[in-house]
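Asker: Each chain is listed here by its residues.
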Amino acid sequence: MKSMPRGTRKNVGTPRKERKPGQKKAGPKAEGPRIGVFVCQCGSNIASIVDVDALTKYAQTLPNVVYAENMNYPCSRQGQDEIIVAIKKNKLDRVVVAGCSPRLYEPTFQSCVSRAELNPWLFEMANIREFASYCHQTTPEEATEKAKDTVRMAVAKARLLQALKPIELPVTKKVMVIGGGIAGINAALDLADMGFKVYMVEKTETIGGYMALLDKTFPTLDCSICIEGPKMVDVGRHPNIEIISYADVLKVDGYVGNFKVKIRKNPRYVIAASCTGCGECRDACPIEYPNYADMYLGVRKAISIPFDQAVPLTHTINRDYCIECYKCVDACGAREAINFDQKPEEIEVNVGAIVVTIGYGMYDPKDLAWTGYGRFSNVFTALEFERLILAAGPTGGKVIRASDGQKPHSVAFIQCVGSRDINKFEYCSSFCCMYTLKHAVMLKEKYREAIEVYVFYNDMRSNFKGYEEFFNRAQKSGVKFVRVKLENRRITEDPQTKNLTVFGENEDGKPVSAEAEMVVLANAAIPSQAASELAKILNIPLGKDGFFVECQPKIRPTDTEVPGIFLAGACQGLKDIPYSVAQGSAAAAQAACVLSKDSWTVEPLVAKVNEELCSGCRVCESACGYHAINVEKVGDKSVAKVVEGLCRGCGICSSACPMDAVTMPNYSDIQIVAQIQAVMERKLKKT
Amino acid sequence: MPLQTLKKDTAQELSLEWVLHIKNYKLNLDKNRCAGCQICSLACPKEAIRIEKQSKAHGEKAQKAKVDIDLSKCNFCGICDILCPYGAISVTVDGKHLLSVLDKESFPQMVRDIKAAASKFPMDHDRSEDVCPMELIKVHFSTADGKPVEDPGSLNESERRALKVDVEVDKEHCPCCGICEAKLPQGAMHVRKLLSGKLAIKSEKCPPECTDCLDVCPINGVLYLSDDDKKVHANEMFCVYCGACKVVCPVDEALDFKRTRVNHTPVRSGAWNKALERLTSPTDLTKELKAKGSLKTRESVKKRMGLKGEKHA
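Respectively, the protein sequence lines represent chains U and G.
Reading the first sequence from the start, the letters are residues 1 to 687 in my numbering.
Reading the second sequence from the start, the letters are residues 688 to 1000 in my numbering.
Hints listed in this document are in silico derivations from the structure and should not be mistaken for laboratory results.
Which bits of chain G does chain U cover? Going by a derived footprint, with three or more residues having C-beta under 8 angstroms, they are:
| no. | segment |
| --- | --- |
| 1 | 688-701 |
| 2 | 706-713 |
| 3 | 761-772 |
| 4 | 787-793 |
| 5 | 951-961 |
Pulled from the structure, derived: some chain U residues nowhere near chain G, Cβ distances all over 10 angstroms:
| no. | residue |
| --- | --- |
| 6 | Pro63 |
| 7 | Ser76 |
| 8 | Pro239 |
| 9 | Leu250 |
| 10 | Glu452 |
| 11 | Ser462 |
| 12 | Lys480 |
| 13 | Leu605 |
| 14 | Leu613 |
| 15 | Arg618 |
| 16 | Val639 |
| 17 | Val673 |
No residue lacks a Cβ here, since even glycine has one placed at the ideal position from N, Cα and C.
Model the full assembly from the supplied sequences, consistent with the hints where possible.
Answerer: Put into structure tokens, the structure is as follows:
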């Protein structure tokens, strides 16, 4: 204590209070806690470098250590049983395992000590594998010394460990799915079928997402809306699902099991409950405007639905274009579904879990000058082409040029427009190769010799079930594949014929080119416009590519860092329909893990506020990255209150607090100082 | 090809365009015909049209106000086209001048009650064509066998009487001032006002030497500079109530101007009611609605009475 650094002196006084009950609880005997140390050999992972026998002997010399042994695999069933026996036999009330990373095995040993009727938070782990044997393989002696330091630190902390109680949070057995694309539809249907109430919030007028706008799906060439439409209808009809469409998520408060979501329902000026979707208003409406669902190739009425299979079928008046002639009101007649006085409505719903499936957006290739998009009338994006070839599309399925309305005799598809470009989007957009093959095959199989189809590609990515076979089908159908570098591509237009010439360089750097009457760009898919806003609302991180970051890319792809919030579909990273469907169901299963419980247990390692010391200065409030600590009025005093469900135990509030009023259980100043002192001991002795 | 929204503004015309893959919407404003009145900007349901008063250089004539249309607000409904008394605006879809708002009876057709009796026209090109301040009347003379006659004045009385007269009135661009009716022989032209209202100049309020209203009035004969007091006076008889004068008048009280009625086909439309209210006044709108209501009542009563009468008979 004498050598304690100046800044920490004030810390000594406060935690003393908490030490007393801890000690009382842990060891009624006057001599203090009884610590057991179990050193792991980990096969040869640790034992081949660190002298585990010497380490065990050393551990026995440490104060309060009444038992120490080394064993091969403490984490094994047998090892755990040995620990339990040792705890009981030696009346241990603190356990230290010197082995690998607590990230991997702390939960295992916590459950082990609790089986020996010891509080799981009276367990401490010393990492002598990553910190000693792995990183000091050439210097075993020093590695052993470092392992001793590590164990000494762990014991020093173990001496001060306190028994804690896990925190139980209630669980609202309802769930929200944000985004009604194919991933969200699957998540919602699965959860609803499991018996949970589902709120599906959709930004646009209808659920369905991009899949509802596609003509066919690869590699089977199924009609896209024919397979998605029935699912959309199922969502609309499911007694457990409530669609909240044409709505925005404004605010999300709370934590796993207890989210409070504020939603704004935007006015459609049509009463959903009264609208039968008959479309008589649409027929009466004189005003048309460009339809986003047709990629603005066609128009829709000022009162209408974006496409025939929309769910819900409720019509919407676009007041930006409506002239308020009220012909729709006359047409609607006794149904009285139209209400021009509708206002935005804010509602609040409580849910236990949230599944985020907001999908993606499309990059506008106008700023890639080499493509000529926006300047040359016969250059299209892939989604525009999708609406052209779709029988229910604005041209009735006729693939025609914009310049003269004629069917093209040659079409060139250009891959990787914006994607796989380090100056634009470094990632691969994942599904463009396959949809281009789909378009190429559809054209070639429909028009045969009457059309020449070129695909200017760099790499053909066809790596899932049935995809490579589909690539072969495209090659057999006579599609000409031209492999070009991604650099130095350009497109020129003949001002008379409006035909286009695509130029590129092959692998040898030699120029290649082809003339085509129509060009279709595989423009990059990009993060949804709503992603950054929603990331802030949900407090979940966005990656540098702009997509939501999953908790762990390999084994937890649908978790976020926030417990109770899950991801599925393209908002987590671009993926095709089957993958999105699978993820939707995966996220549903994970949400169900929360919803199926009556209470959700969280570790008690959350901030504690000493209200007597707290001055209500709000420093902690602004320091917290999780909105987990807020200053509230208690009587005539302002004090910080911790929202236990939100607190992640990071300790920032504790270190920021100028009054030392916030402590982290089992990470208190006195425990940390004890560890620091323990590690400094060897150095102090030497000097 | 993505949706293209285009705007072109030249000395001759202002044009707005939506180019979609399958459709083309175009609005054309002929600046030569535009009088700079406020009607389009008042009537536009999207408030897309702005009237910009032009600054006047000292000693120069006043310039008519300039019309500017906001491409991001315009929805190509064509209401400005329908209402423009000078026919300066034309909205077309795929090149065709067919307006959906008329088709769906969302807006009334303006009624230009103009009739020409060719037989009553004087046998003189210049006299009859020149009476129209907008040059919208064309008179063709031809012999019985169809030969066009350029100068009927050179023919003798009996030859003239045998001439065939054809009168062509460009109704689309006619604001219905009625000057032709007054100046041509009685019965030659019949014109009813498209717009009705009130125009009076309180000369005593006019700034000295101000002729701004006169400078911009497109109809020669409505306003004139009096030799007596060197002030502008109005001959309301020929006024078309477009309001171009009111736009440029620098003194609010000097020009007493209002529109009270628009001659149109019957319609039931919120868009029309709003436009009418803004072109005239809430009182005038109420008058029209009341009139429409009483007309309806009268018709239904008549119908019932008629049916009863039949039964009795």
